[in-house]
Amino acid sequence: MDHITTEDVKKHVRGYVIVFVALMALTIVTVAISYLHLDVTAAIIVALFIATVKGSLVASYFMHLISEKRLVYLTLILTVVFFAALIGGPLLGLHDTIQ
Amino acid sequence: MQIPYTVAARPDTGLHNSKLGIWLFLASEVMLFGALFSSYILLRVAAPEWPHGSAILNVPLATLNTVVLIASSVTMVMSWASLMLKDFTKYRRYMGLTIVCGLVFLVVKVFEYGAKFSAGTFPGEDLFFATYFTLTGLHGLHVVGGIIVNTYFWGPGSRMWNTEPRRFTNRVEVAGLYWHFVDLVWIFLFPTLYLL
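From first to last, the protein sequence lines stand for chains H and Z. Numbered per this note's numbering, the first sequence spans residues 1 to 99. Numbered per this note's numbering, the second sequence spans residues 1001 to 1196.
The set of hints was computed from the structure by calculation and includes no laboratory data. Fair warning: this is a prediction, and the values are worked out from it, not measured in the lab. Think of the CB as a built atom: it goes at the ideal place given N, C-alpha and C, for glycine as much as any other residue. Hints are all accurate, no fakes.
Label pairs and their calculated CB-CB ranges:
id, chain 1, residue 1, chain 2, residue 2, range
1, H, A32, Z, R1044, 19 to 27 Å
2, H, V9, Z, M1031, 30 to 38 Å
3, H, K11, Z, A1119, 46 to 54 Å
4, Z, A1047, H, L36, 20 to 28 Å
5, Z, D1087, H, G88, 42 to 50 Å
6, H, V9, Z, L1061, 34 to 42 Å
Build out the structure end to end from the sequences listed, making use of the hints.
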C-alpha cells in the first residue's frame, strides 16, 4: 500500500462502500438465522462461518491485506499457527479425566 | 534525532517501521483474545449446561452496536483515503465520525452493563456472565484506547499534516489497522456471546 495512486484510492473508496453494504447484509443474516433456533452444532457452524466471512472482508479490504507485503503475511501465518494451537491444544485434553 | 523509516519503506522489509510494528502488536492481540476465546470454548464445552445468550442478553442493542462499529470502520478507512487524496477537511469529518461511533458504542455498552448491574447481575453471577463481562470488558477497553488515539489524531496530532503529510497519513493508517482489529474482534464476539 506504499505506492498507490490517486486513481487507486478512488477505486478503493468504491470498494469500501460495497464491503460496508455486504457487512450490513451479513449482520442481518446472522441475527435472522439466530431466530430459526437451529440445533446448537448447526447454529455454531453457521454463525462462525458468517463471522469468518465478515472478518475476512474487514481484513482484506479495510486492513488492505489483499495487497500487503510478504513480511505481513509471514507474521500472520505464524500468528494463525499459534492461534490454532491455543484453541485446539486445550480441546485435545477435554476428555481427560482426573485420576 | 531523526527516527528512520517513518515515511519510506525499509528496503529489507518493504514496510515503514510503524506498519510492521502495528502488525506485530496485532499478532500479540490475537493471542490475548485467542487465550480468552480458548477459555470460553473449554468452559462452555465442559459445562453441564450453558444459557443461550439471546435469552439473557439484549440482542437488539448488541446488533445496533455491531452496525455502529462496522460503520466506524468504514469512516476510519475513509479518513485515511481522504488524506491519500489530500483532502484534509474530509479527513477531519470522517475521523470525527469514527470517534462519535466509538463513543456511541461505549454509551450503548454502559446501558447494557447498567441494566445487568441494576438487576443484580455481576461478573460473579455464573460462568456465562464471568466470560461475558471479561470478553466484552476487555474489548470495551480496546475501544476506549482507540478513541483516545483517534481523538489525538483528529485534534492536536493533526498538526503534523502541515509539516509532514506523508508521515501523518502513515500514522492514521496504523491507527486504522488497530481500529479495524477491534471491529474484527467484535464481529466474532457478537454471535459467540449473544446468539449462540
